[in-house]
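To convert, take the position in the sequence shown, counting from 1, and add 2; that gives our numbering.
Hints listed in this document are in silico derivations from the structure and should not be mistaken for laboratory results. Keep in mind that this is a model prediction, so the values were computed, not measured. Glycine is no exception: its CB is placed at the ideal position from the N, C-alpha and C atoms. Be aware that a few hints might be false.
As the list claims (entries may be wrong) - Pairs of lysine-lysine residues, derived as DSS-like cross-links and limited to a Cα-Cα distance of at most 30 Å, are as follows:
1) 214 / 171
2) 188 / 171
3) 110 / 171
4) 214 / 150
5) 214 / 188
6) 110 / 150
7) 214 / 110
8) 213 / 110
9) 124 / 154
10) 188 / 150
11) 214 / 154
12) 188 / 124
13) 110 / 124
14) 213 / 172
15) 188 / 110
16) 172 / 154
17) 213 / 171
18) 188 / 154
19) 214 / 172
20) 154 / 171
21) 124 / 214
22) 172 / 110
23) 213 / 150
24) 213 / 124
25) 150 / 124
Stated by the list, open to error - Derived CB-CB ranges, DEER-like:
26) 200 / 105: 35 to 41 Å
27) 46 / 131: 30 to 36 Å
28) 154 / 37: 34 to 40 Å
29) 159 / 213: 16 to 22 Å
30) 183 / 211: 16 to 22 Å
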Amino acid sequence: MKSLIPAALLLLSGVALTAQAPPSPATAAHSYSTSLGFSYDLPNGWEVTDTQAGLSQAKEQAAQNASSEEEKKGLACVQMGLTARNGASVIVDVALPFDCFGQQLSDKDMPGFGEGASQGVKQSFDIGEPTIGSYALGTHNLWIERVKGTPKGQAGTSLTIEITCTVLKKAAVCWMAMAADDAALKAFENGLVSLDGEAQVALVPATAFDKKPL
3 MKSLIPAALL
13 LLSGVALTAQ
23 APPSPATAAH
33 SYSTSLGFSY
43 DLPNGWEVTD
53 TQAGLSQAKE
63 QAAQNASSEE
73 EKKGLACVQM
83 GLTARNGASV
93 IVDVALPFDC
103 FGQQLSDKDM
113 PGFGEGASQG
123 VKQSFDIGEP
133 TIGSYALGTH
143 NLWIERVKGT
153 PKGQAGTSLT
163 IEITCTVLKK
173 AAVCWMAMAA
183 DDAALKAFEN
193 GLVSLDGEAQ
203 VALVPATAFD
213 KKPL
């Protein structure tokens, strides 16, 4: 189960990349919030995309490849929230509500999140050497990974993939950017988040990679 959230995030982000539904233009910042205890302010100029049409099918396919009943249950509970694009760049978040899953997770599960993220990326991308870090926002600890990747079968298309995950009171959540350029990556990192009602701060501080995970 430790690898469930990031692996599901990578799988479901494929839905975002291939979504055929027309996006809803967003010329101003878009604030996304959930009852699970977090919010994220989408940067200016990004377009919110409806990926729900392909979401159920993607989750069903993932469940068929799950290695345990626990993973199948977790995939059924996973929620894909915000999905947004800016050109070739994508931002997405995925959450696992604890009341649905029937199990409370904690910071000790974060190393497993990292392992799952790495494996999930390798399934869809040819990647370089990842950089991993950890940091805190208020009372919450976050794990982060950044790596250069090329979608399999698309030589010459290079993206920076950045994933950051944390555990809230009601859910585990990961945000991911597949950024085509530095501007898109910075926009993702500078998006304001609020975690469990705490004050808004940038999702990824400049010091995020100064401290390595335990």
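Assess, step by step, whether the Cα of residue 154 is no farther than 30 Å from the Cα of residue 171, and give holds or violated.
The given pair, whose Cα atoms are some 37 Å apart, is violated under the 30 Å limit.
Given the hinted pair residue 214 and residue 154, is their alpha-carbon gap at most 30 Å?
29 Å, holds
Go ahead and decide if the range 16 to 22 Å is satisfied by the Cβ distance of residue 183 to residue 211.
19 Å, holds
Given hint residue 110 paired with residue 213 - CA-CA distance at most 30 Å:
Satisfied, since the Cα-Cα distance of roughly 16 Å is no more than 30 Å.
Checking one constraint from the list: CA of residue 150 to CA of residue 124, max 30 Å. Satisfied?
Holds - the C-alpha atoms of residue 124 and residue 150 are around 11 Å apart, at most 30 Å.
Regarding the pair residue 188 and residue 150, is the alpha-carbon distance no greater than 30 Å?
Given that 30 Å is the threshold and the Cα spacing comes to 15 Å, the pair holds.
Would the hint linking residue 214 and residue 110 be met if the CA-CA limit is 30 Å?
At roughly 15 Å apart (the allowed maximum being 30 Å), residue 110 and residue 214 satisfy the hint.
So if I understand the rule, the pair passes when the alpha-carbon distance is 30 Å or less; does residue 110 with residue 171 pass?
14 Å, holds
Check whether the Cα positions of residue 213 and residue 172 lie no farther apart than 30 Å.
26 Å, holds
Given the hinted pair residue 188 and residue 171, is their Cα-Cα distance within 30 Å?
28 Å, holds
Hint check: residue 214 vs residue 188, CA-CA at most 30 Å. Holds or violated?
21 Å, holds
Starting from residue 213, check that the Cα of residue 171 is at most 30 Å away, please.
24 Å, holds
Comparing the model with each numbered hint stated earlier shows that hints 16, 20, 26 and 29 do not hold.
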